[in-house]
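Trainee: Residues in the sequence shown are numbered consecutively from 1, following the numbering used here.
To be clear, the hints were calculated from the coordinates, so they are not data collected in a lab.
Possibly wrong hints are sitting among the right ones.
[As the list claims (entries may be wrong)] Derived Cβ-Cβ restraints for the label pairs, each shown as a range:
| no. | residue 1 | residue 2 | range |
| --- | --- | --- | --- |
| 1 | Gly44 | Leu5 | 26 to 36 Å |
| 2 | Trp33 | Glu6 | 14 to 24 Å |
| 3 | Leu50 | Thr29 | 14 to 24 Å |
| 4 | Ala1 | Arg51 | 13 to 23 Å |
| 5 | Ile56 | Ser10 | 34 to 44 Å |
| 6 | Pro46 | Arg18 | 32 to 42 Å |
| 7 | Ala9 | Val35 | 11 to 21 Å |
| 8 | Gly53 | Arg18 | 36 to 46 Å |
| 9 | Gly7 | Ile56 | 36 to 46 Å |
The beta carbon of each residue, even a glycine, is placed where N, CA and C say it ideally should be.
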Amino acid sequence: ALDRLEGFASHFGADFYRLPRNTDTITLTRQDWLVPATVDYLDGDPLVPLRAGGTIGWTLS
C-alpha cells in the first residue's frame, strides 16, 4: 500500500478536480509520535484528534 500513498495523497484528488498539483513536500518517518489530547482550534476551542493521547508509529516533517 505504501507504493500507492504518493498518488493517493498528492495526485489523484488534484487530477480528478483538475487542480494544479502541489509542489511542496512532506516526509513521513517511522517514528513514534504521541497524539496530543487536544489541539487549539478556531478561537481557542479545543479539538480532540483521533487517537488522542495514544501513540502512532509515524511522524511528519
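Trainee: Give a verdict on every hint.
Mentor: Do the hints match the structure? See the list:
{"no.": "1", "hint": "Gly44 with Leu5: 26 to 36 Å", "result": "holds (33 Å)"}
{"no.": "2", "hint": "Trp33 with Glu6: 14 to 24 Å", "result": "holds (21 Å)"}
{"no.": "3", "hint": "Leu50 with Thr29: 14 to 24 Å", "result": "holds (20 Å)"}
{"no.": "4", "hint": "Ala1 with Arg51: 13 to 23 Å", "result": "holds (19 Å)"}
{"no.": "5", "hint": "Ile56 with Ser10: 34 to 44 Å", "result": "violated (20 Å)"}
{"no.": "6", "hint": "Pro46 with Arg18: 32 to 42 Å", "result": "holds (37 Å)"}
{"no.": "7", "hint": "Ala9 with Val35: 11 to 21 Å", "result": "holds (19 Å)"}
{"no.": "8", "hint": "Gly53 with Arg18: 36 to 46 Å", "result": "holds (40 Å)"}
{"no.": "9", "hint": "Gly7 with Ile56: 36 to 46 Å", "result": "violated (22 Å)"}
Violated hints, listed in ascending order, are 5, 9; each of the other numbered hints is respected by the structure.
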